[in-house]
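> Chain by chain, the residues:
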Amino acid sequence: MVQGSMIYTLVVHSAPYQSASAGTALRFARAVLAAGHSIHRVFFYRDGVHNASALVSPPRDEQNIPAQWQQLAQEHDLDMVVCIAAAVRRGVLDAAEAKRYEKANHNLADGFELSGLGQLIEAGLQSDRVITFGGQR
Amino acid sequence: MSQKSVLVICRKAPYGSSAAREALDIALSGAVFDLQVSLLLLDDAVLQLLPGQNTGLIGEKNLNAMLGALPLYDIDQVYTSLQSLALHGLEAQRLEPSPIALDSIELQALIKRHDMVLTV
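First to last, the sequence lines map onto chains Z and S. The numbers in the numbering used here rise by one with no breaks, and the one at position 67 of the first sequence is 171. The numbers in the numbering used here rise by one with no breaks, and the one at position 61 of the second sequence is 228.
Wrong hints could be hidden among the right ones.
Okay, derived cross-link-like pairs now, DSS-like style, lysine-lysine, Cα gap no bigger than 30 Å in a straight line [as the list claims (entries may be wrong)]:
#1 Z:203 <-> S:228
#2 Z:207 <-> S:228
#3 S:171 <-> S:279
Listed next, the stretches of chain Z that the computed footprint assigns to chain S, with coverage defined by at least 3 CB atoms under 8 Å from CB atoms of chain S [stated by the list, open to error]:
#4 213-223
#5 228-240
Keep in mind that the hints were calculated from the coordinates and are not lab data. By construction, the Cβ of each residue, glycine as well, lies at the ideal position given by its N, Cα and C atoms.
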């Protein structure tokens with residue numbers, strides 16, 4: 105870690121493709137890491153849970169934001185947590201939740217994890233900066 | 168670990184979107200961590216505090232009950248702005264829970280004195 109570096113947590117409230125802020129969050133994450141800071145967690149909340157869907161299938165000449173999150177997470181060992189309550193409501197389920205709700209399929213992309221809002225609060229406690237993308241104004 | 172204070176800001180009307188519910192969920196989660204949590208309801212979000220909401224016809228859960236539970240979580244302070252009240256012709260003492268109405272200078276101070284500010 106470089107001197108003066110800070111610990112960030114990013115909170116993503118918006119779905120990819122509907123809102124520019126989903127892409128902005130991704131580029132901000134890259135910029136934070138490139139500047140020598142660290143990211144404690146990326147927390148996906150509200151419609152932001154759609155960033156974690158493995159079924160996102162944009163046209164080939166458009167960016168695949170979930171895939172880019174996965175790649176960034178792999179390169180930098182990012183902790184990407186999706187609010188479980190927000191996700192299952194919106195149809196983003198992992199294998200365990202699919203079983204719990206008796207669904208035939210699950211679609212949480214690799215690299216993402218379903219967990220509670222406590223993970224957002226905990227991340228805030230551990231971080232110097234918490235930045236929200238897609239908050240309502 | 169020193170305990171941080173959390174300010175949750177919401178600007179949306181109660182049932183127009185999930186913002187009100189999901190902002191409250193964050194506030195309650197912060198309280199579960201024993202953090203000092205304040206709620207700031209601006210613009211249309213001040214309508215969340217109107218008593219006697221009837222949500223049966225739209226199939227949504229009533230926010231009154233959730234807001235009524237805030238003191239149980241030691242979230243005793245709900246804030247709004249004078250401007251938000253004026254926008255909707257509301258008086259703070261007729262809302263439940265009754266919010267503290269701040270002017271723009273006080274709003275800045277409120278935001279500044281919190282360690283973590285989460286906008287929903």
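> Against this structure, judge whether each hint is valid.
Taking the hints in turn, this is what the structure says about them:
no., hint, in the structure
1, Z:203 <-> S:228, "holds, 26 Å"
2, Z:207 <-> S:228, "holds, 25 Å"
3, S:171 <-> S:279, "holds, 13 Å"
4, 213-223, "holds (count 3)"
5, 228-240, "holds (count 6)"
Hint check: no violations occur; every hint is consistent with the structure.
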